[in-house]
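Trainee: Chain by chain, the residues:
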Amino acid sequence: MIARVAWLFARPGSAGVATLALPVTAFAIVTGLLLTVLGGAQTFWTWTDDIAFTYQLLAVVALVLLVVPLASLGGAAARLSARRRDDRLSTLRLLGATPATVSALAVVESAVLALAGAVGGVVLYFLIVPLLALVPFRGEPLGIDGVLLGWPVLAGVTAGIVALAAVSAVLGLRRVVISPLGVRTRQDAPKLSWLRFAIGAVVVLVSFALMGALQVAGSAIVLIAILAAGFGGTLAVLNLVGPWVIRLVAKGQARRAKRPAQLLAARTVLESPKAAWRQVSGVAMTSFMAVFAGVGLAIVDLAGAGVDRESLELFTDIRTGILITVVGSFLMVACSVGVNQAAGILDRRDLYRSLDMLGMPEATMDAARRRAVMSPLRITAIGSALIAAFVMLPLTGAALIVQPLALVVIAAVLAAGIGVVWLGLAATRPMLARTSAAAS
Amino acid sequence: MSSFVLEASGLVKTYGQTRALGGVDLRVRTGESLAIMGASGSGKTTLLHCLAGIVPADTGSVSFLSGAGRVEVTALGERERSRLRREAFGFVFQQGLLIPELTAVENVALALMLNGMPRARAEEYGRGWLAALGLGGLEERRIGQLSGGQAQRVAIARAQVTGATVVFADEPTGALDSATSAEVMQALLDSTTGQGRTLVVVTHDADVAGRCSRIVDMRDGRIVGERVPAGAAGSVPQAAAATGADASTGAASEVRA
Numbered sequence: 000m001i002a003r004v005a006w007l008f009a010r011p012g013s014a015g016v017a018t019l020a021l022p023v024t025a026f027a028i029v030t031g032l033l034l035t036v037l038g039g040a041q042t043f044w045t046w047t048d049d050i051a052f053t054y055q056l057l058a059v060v061a062l063v064l065l066v067v068p069l070a071s072l073g074g075a076a077a078r079l080s081a082r083r084r085d086d087r088l089s090t091l092r093l094l095g096a097t098p099a100t101v102s103a104l105a106v107v108e109s110a111v112l113a114l115a116g117a118v119g120g121v122v123l124y125f126l127i128v129p130l131l132a133l134v135p136f137r138g139e140p141l142g143i144d145g146v147l148l149g150w151p152v153l154a155g156v157t158a159g160i161v162a163l164a165a166v167s168a169v170l171g172l173r174r175v176v177i178s179p180l181g182v183r184t185r186q187d188a189p190k191l192s193w194l195r196f197a198i199g200a201v202v203v204l205v206s207f208a209l210m211g212a213l214q215v216a217g218s219a220i221v222l223i224a225i226l227a228a229g230f231g232g233t234l235a236v237l238n239l240v241g242p243w244v245i246r247l248v249a250k251g252q253a254r255r256a257k258r259p260a261q262l263l264a265a266r267t268v269l270e271s272p273k274a275a276w277r278q279v280s281g282v283a284m285t286s287f288m289a290v291f292a293g294v295g296l297a298i299v300d301l302a303g304a305g306v307d308r309e310s311l312e313l314f315t316d317i318r319t320g321i322l323i324t325v326v327g328s329f330l331m332v333a334c335s336v337g338v339n340q341a342a343g344i345l346d347r348r349d350l351y352r353s354l355d356m357l358g359m360p361e362a363t364m365d366a367a368r369r370r371a372v373m374s375p376l377r378i379t380a381i382g383s384a385l386i387a388a389f390v391m392l393p394l395t396g397a398a399l400i401v402q403p404l405a406l407v408v409i410a411a412v413l414a415a416g417i418g419v420v421w422l423g424l425a426a427t428r429p430m431l432a433r434t435s436a437a438a439s
Numbered sequence: 000m001s002s003f004v005l006e007a008s009g010l011v012k013t014y015g016q017t018r019a020l021g022g023v024d025l026r027v028r029t030g031e032s033l034a035i036m037g038a039s040g041s042g043k044t045t046l047l048h049c050l051a052g053i054v055p056a057d058t059g060s061v062s063f064l065s066g067a068g069r070v071e072v073t074a075l076g077e078r079e080r081s082r083l084r085r086e087a088f089g090f091v092f093q094q095g096l097l098i099p100e101l102t103a104v105e106n107v108a109l110a111l112m113l114n115g116m117p118r119a120r121a122e123e124y125g126r127g128w129l130a131a132l133g134l135g136g137l138e139e140r141r142i143g144q145l146s147g148g149q150a151q152r153v154a155i156a157r158a159q160v161t162g163a164t165v166v167f168a169d170e171p172t173g174a175l176d177s178a179t180s181a182e183v184m185q186a187l188l189d190s191t192t193g194q195g196r197t198l199v200v201v202t203h204d205a206d207v208a209g210r211c212s213r214i215v216d217m218r219d220g221r222i223v224g225e226r227v228p229a230g231a232a233g234s235v236p237q238a239a240a241a242t243g244a245d246a247s248t249g250a251a252s253e254v255r256a
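Listed in order, the protein sequences are those of chains A and B.
Take the first sequence: its position 375, counted from the start at 1, is 374 in numbering that gives the first Met the number 0, and no numbers get skipped.
Take the second sequence: its position 122, counted from the start at 1, is 121 in numbering that gives the first Met the number 0, and no numbers get skipped.
This is chain B alone, in the form it adopts within the complex (with noise of 0.2 Å):
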């Protein structure tokens, strides 16, 4: 069985005049940490959002290893890519977009309640994870009464507390202090390929790259080249990374931190 959970294939996605992607090919490892990099303009937002599912490629595929067998993601109807965006992904933005009239705890329930999850067990959940990332005690603050390294915090959790299989981050540090920023990567990462997941994160940032398993770096719509970074911590060990060896959930999970 293939180890990839994600294979994109001839990703091609223009808006209007302008081509985001042009023929795009990308494998992601079961439980690596991948790191998009490029300008502003460089189609890796693109790459990522056609990744996830939440726009669909012009042309080209998207596939996605579920634990039920693989999904092609770009043959889905809007409704389904919806529901595999809820069920198997988690997302961190850049501005964190959290609700703000909503409760720390609430923010992140609310992606288990989407699911079904009755609103007790959620909170449960939510509390479990905010514990784990350090916000314990802050449960009941409202978005707007956290600092924006707590606010990040809270969006990683709620990127995780469904047990997504892959989580996408676009610029998950960009509003933040550099110490506050290596906070947070160190929280993504310790609960995504620390946990056995998967990680896709795009930046522009060098030092956020550095600590992912590998790199790609784009330009125009293309990838252009492709690091494995020196020393990355929390993820995949390289060799295993490298040779693409089979990281499933037993070998992920001796690899936790």
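So that you can see chain A by itself, here it is in the shape it has in the complex (with noise of 0.2 Å):
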């Protein structure tokens, strides 16, 4: 029965083409560039000299960098291909199915999507790899042979993706299961406690001590150790204050708001602190990373001359991990504003509608959403990386910080990841405008 059910239920309606390819194409992302990014470091577990552990360690804080935006991504796109149903679902609890039978069909929906994507996320990979096997580390390209993953890996990550897409279907359809009615009734604009700022400051000044706290290190393990703690907590510190920053930005723009897009987008902030931070989240790990990248470039580059060629080599090679860390992330960043945005317009149709009927320029509509995402992100960007800088302060001091080539390659990053994310914006206005048209 579930199957028949599914099968009636996946043929696209009205908006159905949009979202059904949406989430398989961010499905697909997200494969493709895990799997490029784990083929392009399993060359350096093959290595088994004395700086293969720097090298592992390089990828492994990639990898980690690269997992927030990653997850941010695979959620938006399971709430996208969750969202699709809800009403249809609503209607099927009304009409006597059981939790259970509602459950196993979002499930079952989520799953099958994810399950397309990420075997066109398979495919595009095998497409990457030829480019990806010309990327050179320690003096020579990694060859075609050493970025092919083996059967296991490509099975193990689609399973992954294919359980994470299950799981957010299960998460975000509770509200139908418990509700028959399953609507959104916004009643009150949450708070957020001053508190969470009072423990990023804290964590903030320790991470700033222990940052200091590196030049007496004795070994290579303590110094890694509290570079990783430093960075960690400040990442982790980031998650907890971005959205009570980003409610008291925009607390003050609502009140000071002349024209409708600023008073909606504020409002719109307002309405979900939390979900503004989520869609911008990836550039504050991007821009915490380019102040990472800008400094460290700027010692590889200070240290460049007189040094062996092994280290010589490393610090290459660390420049090419900063570049395809920076690429990939952004990528994803872009995909998941995109996909984020696809919900956000599917999820207000008949508002949206309504609107245009009312007479509001699709141009206002479109700007208060470009709005409401592009504010939460400069305020994020920026401060990121001044909390980046605040901490590295101790460990390269200011004169590093402020190298010229640190400053190009911050600035760079930032406006890069900034761009990346308007295109995401512009990417689903032609999806705004169909929406919006009264005319249908």
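Heads up, some of the hints might be wrong.
To be verified - Sample of chain A residues at the chain B side, in silico, Cβ under 8 Å:
1) 201
2) 353
3) 359
4) 360
5) 363
6) 366
Claimed, not checked - Calculated from the model, a selection of chain A residues having no Cβ within reach of chain B, i.e. all distances over 12 Å:
7) 58
8) 158
9) 377
10) 411
Everything labelled a hint here was simulated from the structure, so no lab data went into it.
Ideal Cβ positions, reconstructed from N, Cα and C, are used throughout, including at glycine.
Could you fit the two chains together into a complex? Lean on the hints.
Mentor: Structural data, given as structure tokens:
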């Protein structure tokens, strides 16, 4: 029975093609990028010399950095594929379907979409392999054999993506299962405690102190542990403080707003500062990384003269690694903004249509939507970069952070990060136009 | 000068294989409250959308008598129609369709801000309208914190705050219980025909239609009958409505309830 109803639901409706294609594409990109990174990194584990450990460690750092935008994109895709069916699943519930049937349907549908996307992602990975093989590490290209993953890894990643989608579907639809009416009754804007800020400030200060202690660290392991703690702690803080700061700024913006788009945008952010943060948190990671990358590259550049060949190679490879990680995370952030926006537009279809009937220009709707993302994005990108610079200060000193090369890299990475989010927004504008068009 | 605020002739609209309107002629008098009745699928909402310039008709014409003269709605482009809706028309939908993130007063003020009015003044007007509709003290509530009837009155305030010449309402009481429905309908009439403005309401509720000054019945995309309900309250006097006598602003102010 479940299979039959699932098939009936799968037939595209009025907005069907987009809601099917978007999550599938997003899942494909997540899978493709994840496999690409794994393929590139696996070579490091075949090395057995002294320096191999450094490479493995750096690869793990890069993977961890990519996991955040990866998870957020996967989650967004899963939410979108689940949302498409919210209404119809509610109806099914009203018609008497059991919660088990509804849950099973949601899981089956999301999982099938994720599977389709993941398979596409594997194909994408195979298309990237020839390019990936050209990337040089330790002075020579990785080679096709070096970057080809075994079947167990391919199957494992595919299964993981499908599982992620299924779990997200279950979480997203709990609402429908609990209440047959399953409607979002947005009543109170959420309040976020100032405690978030207090905790955040403490952790940043501790990280600052830890970094200061680096100079007296005896061994490389202690050094790396302190670096990881400072790095991880500050990232966790960003997640804690981000929504709070975004809400604070939006509150002021709502008060001062003069034009309709400004007011709408500020109120949209206030409606859910956490959702606003989720959309841009990927960029927080990248802008955080931008500072590390900028300073790291500046150190490499300064240290470049008069070191042995192996260190020089390592420096070059760090540069390559940073580049790959930044590009990968940007791709995912752009996709995740696109998918989130698509879901948001579909969610508010009726409202957009009614605003169009009232005569609100589409440009105003688009401006409001753009602002609701770009304003938290600016706060996030700049705020994260400042915090990262502060934490790095004891380690590197102000002189390195203001190195021209470091500043150029930081600025370029920030600009690119903001640019890709803007692209993600622009890509969904035609969808807004179609959705709001009253002539339907 | 003609006293018809809206004149439609020969309206035809098809969606795919479905003929939603099959040649409709309709004239709406200034200051009247007109109910369009019919079963689901009779074409009443499509007619409202064509009259309001939301969707263009395939053939036929709609003209609107604005302060500056007669406007051929059917000849306007998308952008001009959008502007016309914003400046001259007001809308009330079944579900209210207010913006959930905004407060009550911001929802109302937004309509004015879209026409370029500064926010402080727009909110002042908004407060005035909310108070007039019995919502004083609820200005800062978000839409989710209001009852269905209250939300619908916010929607009425939003439709009226720009001084709309014509208010179009699509099943404005469809989601309300009968007592609240009567209150909302009264508020809608008071703020439109009660102020000399025109109300066009699509409904399948006989009680709602009975409060209007004129009813047209639709079936299969055509108007199949026209009635004047007995004892319509808060509307243009029967005689004036039935004869199409001049109900310009001056005349209308005399019938203010």
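Trainee: Against this structure, judge whether each hint is valid.
Mentor: Cross-check of the supplied hints:
1. 201: 33 Å, violated
2. 353: 4 Å, holds
3. 359: Since the shortest Cβ distance to chain B is 6 Å, the answer is holds.
4. 360: With Cβ-Cβ at 6 Å, under 8 Å, it holds.
5. 363: 7 Å, holds
6. 366: 12 Å, violated
7. 58: 43 Å, holds
8. 158: Its Cβ never comes within 12 Å of chain B, the nearest being 39 Å, so this holds.
9. 377: The claim holds: residue 377/A sits with its nearest Cβ about 20 Å from chain B, beyond 12 Å.
10. 411: Non-interface label stands for residue 411/A: nearest chain B Cβ at 35 Å, farther than 12 Å.
In summary, the structure is inconsistent with hints 1 and 6 from the numbered list given earlier, while agreeing with the others.
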